[in-house]
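Residue numbers (the numbering used here), protein chains in the order written: chain A, 3 to 236; chain B, 2 to 244.
Everything labelled a hint here was simulated from the structure, so no lab data went into it.
Check the hints yourself; a few may be wrong.
Pairwise CB distance ranges, derived in the manner of DEER restraints [stated by the list, open to error]:
hint : chain 1 : residue 1 : chain 2 : residue 2 : range
1    : B       : Ser139    : A       : Lys23     : 50 to 60 Å
2    : B       : Gly23     : A       : Ser215    : 50 to 60 Å
3    : B       : Ser227    : A       : Leu64     : 50 to 60 Å
4    : A       : Tyr225    : B       : Ser139    : 24 to 34 Å
5    : B       : Arg231    : A       : Leu64     : 43 to 53 Å
6    : A       : Gly20     : B       : Gly108    : 54 to 64 Å
7    : A       : Leu64     : B       : Ala186    : 43 to 53 Å
Just so you know, even glycine gets a beta-carbon here, dropped at the ideal spot from N, CA and C.
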Amino acid sequence: MGDFAAASRAAVELLASGDPKLLEIVALSLQVSLSAALIASVIGLPLGAALAVSRFPGRRTLVVVTNALMGLPPVVVGLVVYLLLSRAGPLGELGLLFTPQAMVIAQSILVLPIVVALTRQAAEDAWAEYRDLLHSLGAAPLRSAVTLLWDIRHSLLTTVLAGFGRAAAEVGAVMIVGGNIDGVTRVMTTAIALETSKGDLPLALGLGTVLISVVVAVNAVAYLLREAAMRRYG
Amino acid sequence: MPGIAPPLLPLTLRDVVFEAGGKRILDGVSLTIDPGPRTLVMGPNGSGKSVLLRLCHGLLLPSAGTVGFSGPEYVNGRRRHAMVFQRPVMLRRSVLANVTYGLALAGVAISERTKIAGEALARAGIAHLALQPARVLSGGEQQRLALARAWALRPELLLLDEPTANLDPAATMAIESVIQAMHEAGTKVVMVTHNLGQAHRLGDEVVFLDGGRVAERAPVDVLLRSPASREAARFLEAELPWS
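So that you can see chain B by itself, here it is in the shape it has in the complex (with noise of 0.2 Å):
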């Protein structure tokens, strides 16, 4: 289906505002996200990383600016951006129904719902888990499980606000594989972290907030080396280079 829509990145913001309770919390970004390599979106707490997040997906509309896809968001009634929470939001029902809930209101036909489900479990390598509850799962599992309800859909853009921050570095390191492989089969990746080994790990290029404006965007290498913003440098010094 993607091949025959039109194609849905570019992602272009053009000066966006964000305002709430009166405060400005992005302020005038404009930036454009191009299929391919995986961005990560980088900045001190309040900076705006979740709020840009949201505002790509959809969750909250700019008080100023646009935010616009180069293609239609939906296919087939199917959306062609998915996101993936700091803190999964679980159904309180089965792992496979909480894939399958998702599936249905992307419109899949209920005969096929159980096997993509079944397939985007195994992915996430959570598939012995299927018929548990998700509300029974470790935190671990159940991000794992938001990956696998998000893989499911195949979105072609999917955006993760800091997936890994409540996980230990076990139950981070089988995130990142799953998100790695989503990277190989061809969806672009938008992710915000604050971990800079996962950046390494993880990133191609980064964006980096502060005080809600871009103050910089290079290749990870470079920025996490010798960015060129003093804002960006205040941050790597602050942050464990280790962690």
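Excised from the complex, chain A in its bound form (with noise of 0.2 Å):
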């Protein structure tokens, strides 16, 4: 106990001082993390509304799968683009690796599957409400999903925000491909790794408190924002 105590004294210490190094740290990780969030809605979004509306043989499959791969594991995510992005793999030309890029690339194939299968879970609902309003008014399954994601827009919004939880809080795919290299690649997460393995506690803790605030920060935003749009539009 002793040692969390001093810990958490030094943590609080170091975020205090608005140390450059930290800074920079917490700056990426959410660079990369957002951007990850961003790409992987952007794809993501109008393939789980795509998704709900549309009927195909496979179908099933498919819903299933996605929502499986939500759970997939980091390090074999992380494992998979190294393989690509590597010298002597099929991407390997771009020479990406060990960049914040190839970190984007990551998580956003980490990311995709959640927005993927929580959108297609809200846009069901929806649809469950709207179809026979929609198919009465002769709408389209393409209109039909745009209404739909228009219409879940509040809930997207959480659903993009487990995605970005998801990539902000994992280690194992940024530490493979972007190899934890100080000033380059490091993020909360490779840090807080390293440092704890060298045995700095003060620095993991205090990047793990910031991590967490972050989280809590965005979500907790977005909840009121939601909140907000719920009242105004029910």
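Two independent chains are provided; combine them into the complex using the hints.
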């Protein structure tokens, strides 16, 4: 317990001092994870809505697979992206391995199934309510999907946040494809892992505090936005 | 536009069977819906009234038999029949936008949508709510919006599935006056109802369904006073006449 108290005190001091090194790590973390959440949303929201309104052979299998992929192990995603991006790999010529871009790619892959699966679920619930009306008004499937996305926009905020949370919290994928290079690809989670193994507990704990605070703050803002919107639009 | 196209009605159902989940819901319905008189569809729960309406509107396809209009269902991309559901479905946007959404899908030019929608809202008596979010309206106001949304599409046939089932008397009266106005404007009204008072007020003829078959078809006064079929007589006994 003494260790924890001492580390906590040191962590608070570190945060209060506004250590530039710490800020750099936090900034890169946010940049990578927000980019991944954005990319996964741009691809995943339409896919999820399309999956909700369409009927085709193999759809149920696809739904089950998508749901299962939400639990994709980050290290496995990291490994696969590593193999793709490594010098000898099919995308090796791009020279992306051990760059923030590689980390964005890996986290996007990790977040995509979450966005698709949660969007599909929310859109399908809305579809049950809207189907008759949209058919009655003559909405084509594409139009229906767009309408559903727009009408469940408040729920989708939670979906995107779940994706961001997943990206910000994972360590396996960014560690493998980023390499945890100081000043280049070091993010909060990889720094915590490194500092803990080195025994620098105050820095690790300080980073952990920041990580949790960021996730809580982002979710709190989103919750308030959603609540205000629900009050406004019902 | 309706003047140019061949008339939509009559609508003819021939030996229509509808099955879902191994259950036969409609069992050989043959029916002609002519323009003009307000047609009510009545019958006990599970007699297939809603399914009948949905088949007419094309939301469901018959398992056997045919459902056919005499004229084309679409004119210039606009469907000539509309439906209002028991529970109004409100899109998460303003009252006005709920109406213009339907107009957009019907291919109405963007410059005309707001004007047409405004007129429809005025006719439904909710023009003052145009900019409110639709989902925060009361049940009666939502159903009036659903009617306005249908009316804006200028349907020649309006199908109503128990539009006042969940509403209090005041809201019911408001809905009924909108339906009456649509009838007077020349729209053929086909409505499912359980309410005998409403049948008196709003109906000309009744199609009485029982067990997925047409048990009787008669003018409202005749059916409510001296039904010829045992099924309709039993239904009337069970219903509270003053409700």
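Structure-based check of each hint:
Between serine 139 of chain B and lysine 23 of chain A the Cβ separation comes to about 59 Å, which falls inside the hinted range of 50 to 60 Å. As the Cβ distance of glycine 23 of chain B to serine 215 of chain A is approximately 57 Å, the hint placing it in 50 to 60 Å holds. A beta carbon spacing of about 59 Å between serine 227 of chain B and leucine 64 of chain A agrees with the range 50 to 60 Å that was offered as a hint. About 28 Å separates the C-beta atoms of tyrosine 225 of chain A and serine 139 of chain B, a value consistent with the hinted range of 24 to 34 Å.
Roughly 52 Å separates the CB atoms of arginine 231 of chain B and leucine 64 of chain A, a value that falls within the hinted 43 to 53 Å. In this structure the supplied range 54 to 64 Å holds for glycine 20 of chain A paired with glycine 108 of chain B, their Cβ-Cβ distance being about 59 Å. Checked against the hint of 43 to 53 Å, the pair leucine 64 of chain A and alanine 186 of chain B passes, with Cβ atoms roughly 48 Å apart.
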